[in-house]
Amino acid sequence: MTAVIEPTGQVRESETPGARLQHTLHRHPAIGPASVLVASVIAFSIANPRFLNSTNLSLLVQQVAVLATLAIGQTMIILTAGIDLSVGAAAILAQMVMAQTAANNGVPGVLAILLGIFVGALTGLLNGFLVTRIKLPPFIVTLGTLSIYTSIGLRYSNGQSVYAKAMPSALIWTGNYVNIGPYQLTTGVILMLVLFAVTSYALTRTAWGRHVYSTGDDAEAARLSGIKTGRVLLSVYLVAGVIFGLAAWILIGRVGVASTNNLTNANLDSITAVVIGGTSLFGGRGAVLGTLFGALIVQTFQSGISLAGVNSLYQVLAEGILVIVAVALDQWIRRVRR
Amino acid sequence: MSTDVDAASRPEGRAAKPTMSGTPTLEARNLVKTFGHVVGLANVSLQLYPGEVLAIIGDNGAGKSTLIKCLSGALTPDAGEILVDGVPVVFKSPVDARLAGIETVFQTLAVAPALDIASNLYLGREERSKGPIGKIFRMLDTRGMREAAKNQLSDLGIGTIQDITQKVETLSGGQRQAVAVARAAAFGSKVVILDEPTAALGVRESGQVLALVKRLRDRGMPVILISHNMPQVFDVADRIHIQRLGRCAGVITPQSHTMEEAVAIMTGATTLDQPAGPGDGAGGEAPASDGQDGRDGRDGQDGRGRGA
Chain A
1 MTAVIEPTGQ VRESETPGAR LQHTLHRHPA IGPASVLVAS VIAFSIANPR FLNSTNLSLL
61 VQQVAVLATL AIGQTMIILT AGIDLSVGAA AILAQMVMAQ TAANNGVPGV LAILLGIFVG
121 ALTGLLNGFL VTRIKLPPFI VTLGTLSIYT SIGLRYSNGQ SVYAKAMPSA LIWTGNYVNI
181 GPYQLTTGVI LMLVLFAVTS YALTRTAWGR HVYSTGDDAE AARLSGIKTG RVLLSVYLVA
241 GVIFGLAAWI LIGRVGVAST NNLTNANLDS ITAVVIGGTS LFGGRGAVLG TLFGALIVQT
301 FQSGISLAGV NSLYQVLAEG ILVIVAVALD QWIRRVRR
Chain B
1 MSTDVDAASR PEGRAAKPTM SGTPTLEARN LVKTFGHVVG LANVSLQLYP GEVLAIIGDN
61 GAGKSTLIKC LSGALTPDAG EILVDGVPVV FKSPVDARLA GIETVFQTLA VAPALDIASN
121 LYLGREERSK GPIGKIFRML DTRGMREAAK NQLSDLGIGT IQDITQKVET LSGGQRQAVA
181 VARAAAFGSK VVILDEPTAA LGVRESGQVL ALVKRLRDRG MPVILISHNM PQVFDVADRI
241 HIQRLGRCAG VITPQSHTME EAVAIMTGAT TLDQPAGPGD GAGGEAPASD GQDGRDGRDG
301 QDGRGRGA
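Each protein sequence line maps, in turn, to chains A and B. For the first sequence, the working numbering gives the first residue as 1, with consecutive numbering after it. For the second sequence, the working numbering gives the first residue as 1, with consecutive numbering after it.
List of simulated lysine-lysine pairs, DSSO-like, C-alpha gap at most 30 angstroms:
no. : chain 1 : residue 1 : chain 2 : residue 2
1   : B       : Lys-150   : A       : Lys-228
2   : B       : Lys-167   : B       : Lys-214
3   : A       : Lys-228   : B       : Lys-190
In short, the hints are calculated from the structure, not lab data.
Looking at chain A on its own, in the form it has when it is part of the complex (with noise of 0.2 angstroms):
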C-alpha cells in the first residue's frame, strides 16, 4: 500500500550550445521560420541577383497574399490540434458566391462581398459544429467538406467562370495597386498584412488566445481551468471561416476571375505553410507570424528556383523537404523538459 519513493538525482544538465538553440526555439517559434528565410533569400538572390529586383520581390509578395491569407485560418486551426482539408473549397464558394451574386443577380459589390464573408462563416460554422457537438475528428470532417463545399461551389456555380469586367470595382478592389518606393503592392497584400497583425494580436495579447493556446495544448486540461473549450473551437473555426472568405476577395483580385478551377492546391499548400512556420500540427504551439514567413518561403521557393534557371520539380522536392525538416525540428524542440 505505501508507495516506495525513488530517490531520482535530478541534475539540471548544464546548458550546452545545442540546448541552449532547443530553448531559444521553443520560446521564439518564428525564428526559425525566420531565419530560414533570410537563408533562402540570400542564396537565390547569389543564385540569379534578379532575384532581388524590386519587381521580382512585389510579386512575389503578391503571389503569397492568397495563400498566406488562407494559411492564418489554417494556422488557428491547427493551433487547436486540428486540420482543416476544406480550407481551398470554402474560399472557392465564398468567391463564387461573391462574383455570382454580383454580376449575374446585381447584387451591389459591397453586399456581395459581404455575403461570400458570410458564406465563408457558414462554412467554418458547419466544419466546427461537426467537430464540437458531434464530436468527429477535424480530419474527417474537414475531408467531407472538402467535397461537400467543392459540389456546392460546381453546382452553384455550373462550372462558370466569372470575369473582372463583369464584376463590380469592389470585388476587384483587392488587385489594386499600392506603391510603397520601388515595391510595389496591392490592397490585398495590405489587406493580409493587416489580418496577419490582428489575428496575431488576438492570439497572444487577449484571453481568447490564450485559450485557443491552451484547449489545442490539452483540451482535458483547459476544460478543468474552465475553458469553455466547445465554445473556443467553434470560435475558432468560425473565425477562420470568415479570414476564408476574405481570402476569396483578395483572390478575385489578384486573379481577375472568379473561377472553380481556382486553389487547386490551396489545402495542401496552406498546411505546408503553417508547418514551415513552426506551428505544431499537434496544436497548442506556435504563431501566425511564423506562418507569414511560412508562406513567404514557400513564395521565395517557387521564384528564386525558377529564376535560378533550375527545374521546377525542384521546387514540389525542396517543399516536401522543408515540411518534414520542420516537422522534425518541431518534435525536437518538443523534447525541451526542464
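Fit chain B to the known structure of chain A by using the hints.
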C-alpha cells in the same frame, strides 16, 4: 451539525490542531454515486474544517476519486448534499465548484504545458488591462498578471522558480505541482483539493510539495489530500478519512492510529464500528485493537465524536 470537540480529549503531541468546531468549510452528506450497477459512493459523508489537512486514503476502487470528483464538480452525485460554509450547493461543472471556492489540483495537473507560469496561474480568469485598451481591444494585463503571479509564488515560499515567463513544460515535476497548487490556493479560494500530488515526484520534490501543503494549512486554508503514501499522509494530515468499497470506513487521526492500523482498516482487515456520519466529525477514533474487528477497547475516546 456542528461538532463540539472537547479540547481536552484531543490526543497530545500536535500543537497546531485545527479547531474542529463551528461550521465545516466543506461538508458532504450521504453522497451516493453509482455507475450502472457499480456503486462508486454509498452514503459517504465528510467534513472539512478551517485550517486542517484532511487526508483521504483508500485502496484502488474505494471511491476516493469519485468522492473528490463529486466535491470538485467533475461528477454530480446521484444523492446527498454538499455544503460550503453550511450552505447547500450544487456543482454541475468544475467551474461551479471553483466559483464556490473549491479548487482542485487534479492528478493530471490541468496545466497548459506550452503556456508560461503566469499564464497558467491565470488560465481561465485572465485579467484585462485597465481603460479602453482592455475594454475595447480586450488586451490582457500581461505585466500585472506576471507581477501578481510572482508575488503569489513567493508568498507560498516557492522560491525555486525564478522566471515567471518560463513555459510550464520546462519545469520539473515538483515545480509544476507547485504552480498547480499556487493556482489553486489563489483567487480567494476556500478549499484546496489535491489528488495524489506527490505520485510522480521524487523524495526531495515530494518534501517540497508537502511543505507547501503545511504552509497552506498554516495560513488557514483547509486542504483535502488524496494519497496512497502512508508516511506522507501521517506526516501532514490532521485527520484521515478512510474509504473502503465505496463507503467511509472511518475517520482517524495520525495520533489515534498507526500506519499499520490505517492500512488494516483500508484493506478491511480491521473495521471501525462507527464510520463518520453527518455531524460526526471525528467519529470512530479509537485505536483499533489487536482484535479482529476492533469493536472493543475504544470506549475511552469513543465519546468524542458523538457524546459532546
